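Chains A and B, in that order, are what the protein sequence lines are.
The numbering of the first sequence is this note's numbering, which starts it at 51 and goes up by one.
The numbering of the second sequence is this note's numbering, which starts it at 25 and goes up by one.
No lab work stands behind these hints: they were computed from the structure.
All of these numbers come straight from a predicted model, not from anything done at the bench.
Only true hints are included.
Per label pair, the in silico range of CB-to-CB distance: (1) A:L55 to B:V489: 36 to 46 Å; (2) A:I98 to B:P330: 37 to 47 Å; (3) B:P405 to A:L68: 28 to 38 Å; (4) A:P80 to B:P405: 30 to 40 Å.
From the derived model, a few chain B residues whose C-beta atoms are all more than 12 Å from chain A: (5) Q27; (6) A135; (7) S226; (8) T308; (9) A314.
List of simulated lysine to aspartate or glutamate pairs, DMTMM-like, C-alpha gap at most 25 Å: (10) B:K402 to A:E101; (11) A:K237 to B:D396; (12) A:K143 to A:D272; (13) B:K134 to B:E479; (14) A:K183 to B:E479.
Heads up, the beta-carbon is just placed ideally off N, CA and C, and yes, glycines get one too.
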Amino acid sequence: MFSVLATILVPFAVSFCLFHSVAQGPNLLPVLSTFILAPFLAALLVMIAPEKFARWISLGAASFVLGLGVKLFLCYQTAVSGFQFVEEIPWLKNLGISYILGVDGMSTLMVLLVTCVYFAGALISWNISLRRKEYFVLFSLLVSGVAGAYESLDLFFFFLFYEFAVLPMYLLVGIWGTGRKEYAAMKLTVYLLAGSAFMLVGFLAIYFTSNVHTFDIRALSDLSATGLSVSFQNTWFPLLFVGFGVISALFPFHTWSPDGYGSAPTAASMLHAGVLKSLGGYSIIRVALPLMPDGAKHWLPYLAILALINMLYAAIVALKQTDFKYVIAYSSVSHCGTILFGICTLEAAGLNGAVIQTFSHGIVAAMTFALVGTVYGKAHTRELAKLGGLSKCMPVLGALFVAAAMANVGLPGLSGFVGEFLVFLGSYQSGFRGGFSIFQALFPIGVLAIVLTAIYYLRLVQMVFFGPVKDPHLNEEVKDGSFIEILPIAFLLIVSLLVGLYPKPFVDMSNLSIAPLIDHIGGFK
Amino acid sequence: MIQVQAFLPELWLVSAAFLVIIADLFQKSTSSKTVVKGIAVLGVVGALLSLCCISGCGSCPISACCSAVAGNVPTAFGGFLKTDALSVFFKVIILLATLFTLLISFRFFKANPTPYLTEFIAVLLFSAAGASALTSAQEIITLYVALETLTISSYLLASFMKKDKASNEAGMKYLLLGAFSSALLLFGFSYLYGFTGTTVISEIGKVLATQVASPLLTLSVIMIVAGLAFKISLAPFHMWTPDVYEGAPTPVTAFLSVASKTAGFAAFVRLFWVGLSVPALQPTWIALFAVLAVISIILGNLEALPQRNIKRLMAYSSIAQAGYISTGFLAGGQLGLTAVLFYMFVYLFANMGVFLAITIVAAKTGSEQIEDYAGMWKRSPLIGIMLLVGLLSLAGVPPFAGFSGKWYLFGAAISKGYTWIALVGMIFSVVSLYYYLQVARQALISAPKDDSPIELSWVENAVLVICVLFIVTLGFWPTPIMQIAQTAATSLFN
Chain A
51 MFSVLATILV PFAVSFCLFH SVAQGPNLLP VLSTFILAPF LAALLVMIAP
101 EKFARWISLG AASFVLGLGV KLFLCYQTAV SGFQFVEEIP WLKNLGISYI
151 LGVDGMSTLM VLLVTCVYFA GALISWNISL RRKEYFVLFS LLVSGVAGAY
201 ESLDLFFFFL FYEFAVLPMY LLVGIWGTGR KEYAAMKLTV YLLAGSAFML
251 VGFLAIYFTS NVHTFDIRAL SDLSATGLSV SFQNTWFPLL FVGFGVISAL
301 FPFHTWSPDG YGSAPTAASM LHAGVLKSLG GYSIIRVALP LMPDGAKHWL
351 PYLAILALIN MLYAAIVALK QTDFKYVIAY SSVSHCGTIL FGICTLEAAG
401 LNGAVIQTFS HGIVAAMTFA LVGTVYGKAH TRELAKLGGL SKCMPVLGAL
451 FVAAAMANVG LPGLSGFVGE FLVFLGSYQS GFRGGFSIFQ ALFPIGVLAI
501 VLTAIYYLRL VQMVFFGPVK DPHLNEEVKD GSFIEILPIA FLLIVSLLVG
551 LYPKPFVDMS NLSIAPLIDH IGGFK
Chain B
25 MIQVQAFLPE LWLVSAAFLV IIADLFQKST SSKTVVKGIA VLGVVGALLS
75 LCCISGCGSC PISACCSAVA GNVPTAFGGF LKTDALSVFF KVIILLATLF
125 TLLISFRFFK ANPTPYLTEF IAVLLFSAAG ASALTSAQEI ITLYVALETL
175 TISSYLLASF MKKDKASNEA GMKYLLLGAF SSALLLFGFS YLYGFTGTTV
225 ISEIGKVLAT QVASPLLTLS VIMIVAGLAF KISLAPFHMW TPDVYEGAPT
275 PVTAFLSVAS KTAGFAAFVR LFWVGLSVPA LQPTWIALFA VLAVISIILG
325 NLEALPQRNI KRLMAYSSIA QAGYISTGFL AGGQLGLTAV LFYMFVYLFA
375 NMGVFLAITI VAAKTGSEQI EDYAGMWKRS PLIGIMLLVG LLSLAGVPPF
425 AGFSGKWYLF GAAISKGYTW IALVGMIFSV VSLYYYLQVA RQALISAPKD
475 DSPIELSWVE NAVLVICVLF IVTLGFWPTP IMQIAQTAAT SLFN
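All chains should be modelled from the sequences, with the hints used to inform the complete structure.
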């Protein structure tokens, strides 16, 4: 236990001290590239080091990156806002491609999210024994890709990093998964890449249609310079929205998600549900909205209906599941609907809500999947028909699960509440402040989803942890979580509490990106 | 004046071919023929190095291209052969492909002993010489002769396994259909000559520029397209591909899929973007190519889905790949041709690496069925990684080089307004992912049926590692090769 704590604390402290805000002078390291390179180097190191060191290297790298993430959050200068820590290297000049990294308020939050989930994931994978070396290589590569996607300010590199993350996911699900793993892995990969096919063609169309001839998102966001016509925007906005939406499990392209999460190994579900899936909503805010505001205004009221179906439909399906993990998977789909719905409102509150909800969903989904994985590891079944009264034999995990369920439901005090509240505030404003009346109709239906979420989560808590013991033999063998299993879950719970109890710094941070964006687009009016 | 530099690589190849035959007389038929193999490899390496001397400056191919652009273009036979930067680039691909093919064939014939190894090597070198000469040809008769040198040798190579029915069938099929397509091509050429009174490609362009479109001229263009499309297996002229790829010895399949295809595209580029790039004809053949490209992408990818034999799968995959490359080709201009060149270069490493892996596995297990690749991660991790990296590069998944390649190909198409072709291409790339991943799944996920490890020689290890590294590096950092490709593409328009 001591050595584990040392592996966590030492790299954390090192990275925490390693860099400081840009205003205080240049840093020793290119900060943002380090988020990509550290997991990548960890992967290389795991590849050449003996197998027994694999998990230690991985955990060390994760703690190191976590330290960086926390420090980045603290060092981001809210007074200046805009993109900070920018790194720029020209790549292919004749095609306008450059390696540009930079973070603003929103992406700082997302990077922090990635590092938190990476850290928790490394801990939860501690007892992986099958092909351990390869597992940690792929796991680290996955993080490397996701971090890159959140930091990229160039469409080419955004795309490259995103797909770079999909490939390890395929192997993680295929090799270490459970159930119909090969089917799920293939389905997940094909869906995600089909979505990205639209993204790629869309990016290229933007590049060749605009007048600025660059893939730099900052330059492309200036509509007066790019000169993208309204008809172009109206054609491409929905295609890009759907392309990004597939990543976020937008209805009707969501079916990869429950199968994928149902089969994936715990840490892969955590990373996918927590950070990779959030990339969809994030990139709509980062790319689709600023580049094509007119298209957005034209289409978002209709796309809001899809998001609403996401929320409700997935919640209803979650009610009927018989597999513990599938309930969580559908709940994650439903929450992503909330995020997309928040974006569709085109109100500052709604978009801020979407960002906070993305962060919160990342943390909470990762926590819930970690819990399900741990329970499954002990009970060896996920069938609700067999699980019952578990909180007697695993009181700590039971308590943590109740907390996780409450965070999912949106209990005030936990992170889920902040995001959902802002999203519905936004949709209310959008509907009743003289905007599109369609939101007047949608808003109450959306709130219904919260009720459904409460129903299926309480049902889950009641069935699995409190109800009557269904299989006495199983309950006798099951033990409570060990220190190393509890640690990542408790860590995520603390983060969720932090956001829930004192959301101001997080919302402020998000608003640094959202307020200028809303000014730029101008809302529905 | 004849500048020998203009055909130096061909000279190396042909001399090596003759030397191989002579050297064989002094070797016992039962020996492992080390000398013969050595001469062949030296010949190809010499040809590659001779490309550096073409420009007479520096010692790397990069500088060769640069100075070729600067105007120092070696010419021979009254301008019939001209080795500009574009031909240098194509020649590098063809010669590297030949080198790979030789390495693959050494492994292949160790597992399938033949007394005629020398003949195989000699014919292969002649074939490479034809392909190489084709890239410099500035005149349609020279072009035709070079093309026939390539294809007639290929017929022999395809049917090389005398006792094997599949190989014989492959050779016969290839010969019959190939001869037909060559005739079609020649017929098209004859019309072209009749219209213009010249056989020099650039002159044809000048004469045609003043003419209006006529049905006969269009007919001749269609015949030329059909004849050449056969060589690069564009649908609907692809019928021979699966049978020949499956039946031919694996090294020959590898050679056909890369060298032959590169030569075909070289002919297309020269003929169409120099000779037929005139207002009267261009819309016609661009539309024609758009249709062929889309059919190839759709048919190739869909027909690959149910395949169980990996060589057959690669055949359909190569049809689809020809479709992707045609997308860049029909977009044309500097951007499009750069994309074509870059993609061909990437395609070389991906395909050759995969075929080397196929040969090694087949030599050990005697099977080309995809399910027999199960558990490669345990039997030979390097082969598993090669299959994953190579096939996913062909599918165009980042961070592998095929992704950058497709980005440029489809970018070029979109820049000319063919967004719909790019969209079809991307959607079917996702379809292709399904069958490529089936192989990767067997190799990396499934449990092995047979645990015995597969031994690799150091050369094979090195070649596989180089292929993997190249594909990954070019995915992240395509800049240097892109620049060379750009220089090469520019040289066509000077």
